[in-house]
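Each chain, written out:
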Amino acid sequence: MRSLLRWVPLCAVVTAPELPLGAQERTTLGGYGEVHYTNATGPATPGAVNFARFVAYLAHTFSDRIALRSEVELEDAKVEGGKAGGEVGLEQAYLDYRLTDWLTLRTGLVLVPVGIINETHEPPTFHGVDRPAVDHDLLPTTWREIGVGAVGAVPGVTGVSYRVYLVNGLRADGFSAGEGIREGRQEGRQASFANPSVTGRLEWARPGLKIGGSFWYGGSANADSVLGTGSFAAPVALVSADARYDVGAASFRGVVANISLSDAAAIDARYTTTVGSRMAGGYLEGAYDLLHALAPASPQRLSAFVRHERYDTQADVPAGVTRDASFARRVTTLGLTYKPTWNTAFKGDYQWFRNAGGAGEHEVLSLGVGYQF
Amino acid sequence: MSVGLALLLLAAQQPAAPPAKLAASLARIFGPGTRTDTLGVDTTTVLRVWHGDSLLGFAAVGNVIGKDQPITFLVAIGPDDRLKDVDILVYREPYGGEVAYEPWRRQFRGARATDSLRVGKEIRSISGATISVHAVTLGVRRLLADLTAWHASGAIR
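Line by line, the protein sequences give chains A and B. Quick note: the first sequence uses this note's numbering, first residue 1, plus one each step. Quick note: the second sequence uses this note's numbering, first residue 374, plus one each step.
These are computed hints drawn from the structure, not numbers from a lab. It is possible that some hints are incorrect.
No farther apart than 35 Å at their CA atoms in a straight line, the calculated lysine-lysine pairs in the DSBU-like style are these [said to hold, decoys possible]:
id, chain 1, residue 1, chain 2, residue 2
1, A, 78, B, 457
2, B, 457, B, 394
3, B, 394, B, 440
4, B, 494, A, 83
5, A, 78, A, 339
6, B, 457, B, 494
7, A, 339, B, 457
8, B, 457, B, 440
9, B, 440, A, 339
10, B, 394, B, 494
11, B, 494, B, 440
Let the sequences and hints guide you as you build the complete structure.
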C-alpha cells in the first residue's frame, strides 16, 4: 500500500491500512544517579565525596496492557559485609495492568504517593545536591511498601488524576524522635502485614502547574501485645499538600505535611523513645533561570534557587515527654543548578542548618552531578 | 454514522489506536458529519477528512516512546498546514498522563512546521510528566513536519 492512493468507500470493508503498531513485548533499560561532594566543616578541612545513588531502571512490556517497572538501587557505591554504609535495595517493582485511562491496577512494591520527591526523585528534577531535609526527616523518602492499588485519570474532570493503594503498614518499633516515622518503613523486606494501611493522592495539573494532596492512614503496632493487636492499633495519620508552579523563567514549589501519632504515649513507653505525637513542617522554594534572560535561545538552564524548610518531629509530644527544641529545625539552602540537557544536572549549594535548641547547628557546602535516562 | 463504522473497521487491527478513540478524536477536531479516506505515504497512513466535497484537513497517528512505553498520538492539520490539534489516543506509562489533558495539548494549536516548539519555551512543561512532555513534543514536531512536507510535495492533497 506504499504511496498508493487508497480510498475507503463508506461502509465498505477493505484491507485495513497500517497505522503504526503500538506496544509489543520488549524490555527497556533506564536509570538515574547522583554523585555528591559535601563539606560540612569549612574550607580548612577536607570534604567527602560519595556516589550517593546509582539506580538501574528495568521495565518489561508483556502486552499492550501489562507491564513491569522496577528500580534497583545501589547507595554509597559499595556494600561490604561487616562494614558500615552502602545499601542495595529494590526501590520499586510492580506490575501494571492498564484497563482504561481511568483505571490501571498496580501490584507490587510501590512508591507511597506523598509529597513531591518520593515519587519524582530523579536528581535533575529537583534543586539542591541533597533532597530537601523535609523529604528525609518528615516524609521518609524513598518510601516504598508492598501492596495493591489503582491509578488513573479521574474521568470527566480535566487535569485530575488519582492513586490509591492498600499496602503493608509502618512499624512503631522503628520510630524515633528525630526522624519520626522514617525507620518504621518496611520497604518490602519480609514485611509484616499486621497493619494494612491505605495511602493515596489526588493531583490537579495544568501546563506549568501541579497541585497535589496526599494521605496515609494505618496502624503501626505490628500485633504487639502492649500496643494492641488490632489492624489499626497505634495509628499513623499523615496528610500533605504540595504545589509546583513554573512561569517564564521562574519556578516555585512547596510542600506541607502533618503526621499524627495518637498513641505516641504508648509507643514511647513501650520502646523507651520520645517520639512526638505530631510531626509537621514543610518548605518553600523559588528558582530563576538565569539563561532565560542571558541566552533566550538556549535550551540549557542555569537556575539560582533558594529553599527554606521548617519542620519539627516533636511538634507535639505526649504527656510525660519533654520536648527537645533541637528537633524544631530550619534549613535554608542557596544554590545553583546547571542543566545542559533536561535530564542532566550539575549542582552546587550552601546550606544553613539551624534549630530552636541551638544544638548542633552547622553549615554545609555541597556539589553534585545527577542524571536520568 | 458510516464514517464511524468505516473507521472502526479500518482500525480494528490496530491495537495502538482503538477505533472508537480515533473516530471520537477526529469528530472532536473536525466536527460532526465528516467522512474520511486514507492515503499511504511511505509507512504512514494519512487520514484525509472531508465534509461533503470540501477538504477539512489531514491527520496521522504516531507513536513515541516515553520512559518505556509507546505513547500513541494523533496530529491533525488543516489545508493551510496549520496544526489543528493533537490528541493522545493511548497512554500507557505509569506517570505523566497529563500530556493527554486539553490545556497542555492546546499549546500546539495553530503551529506550523516552521514554528519553534520547544519544551520550556513555547511549550510549557508539567512537573512529574517531563519525559512524556518531551517525547510527545518531539513526536508532534516530526509528524507535523512530515505532514507539511508531504502536503507540499503533493504526496497528500
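Here's how the hints hold up against the structure:
The suggested pairing of residue 78 of chain A with residue 457 of chain B is violated, with an alpha-carbon distance near 53 Å, which exceeds 35 Å. Between residue 457 of chain B and residue 394 of chain B, the direct Cα distance comes to roughly 17 Å. Compliance with the 35 Å bound is thereby established for this hinted pair. Taken as a hint, the residue 394 of chain B and residue 440 of chain B pair is honoured in the structure, with Cα atoms around 23 Å apart against an allowance of 35 Å. Distance check on the hinted pair: residue 494 of chain B and residue 83 of chain A sit about 49 Å apart at the alpha-carbon level, beyond 35 Å; violated.
For the hint linking residue 78 of chain A to residue 339 of chain A, the alpha-carbon distance of about 28 Å falls within 35 Å, and the restraint holds. Taken as a hint, the residue 457 of chain B and residue 494 of chain B pair is honoured in the structure, with Cα atoms around 20 Å apart against an allowance of 35 Å. Distance check on the hinted pair: residue 339 of chain A and residue 457 of chain B sit about 33 Å apart at the alpha-carbon level, within 35 Å; holds. At most 35 Å may separate the alpha-carbon atoms for a hinted pair to count; residue 457 of chain B and residue 440 of chain B meet this at roughly 27 Å.
Restraint check for residue 440 of chain B and residue 339 of chain A: satisfied, since their Cα atoms lie roughly 19 Å apart, inside the 35 Å limit. Proposed proximity of residue 394 of chain B and residue 494 of chain B is supported: the alpha carbons are some 30 Å apart, at most 35 Å. In summary, the hint linking residue 494 of chain B to residue 440 of chain B is supported, as the alpha carbons are separated by about 22 Å, within the 35 Å threshold.
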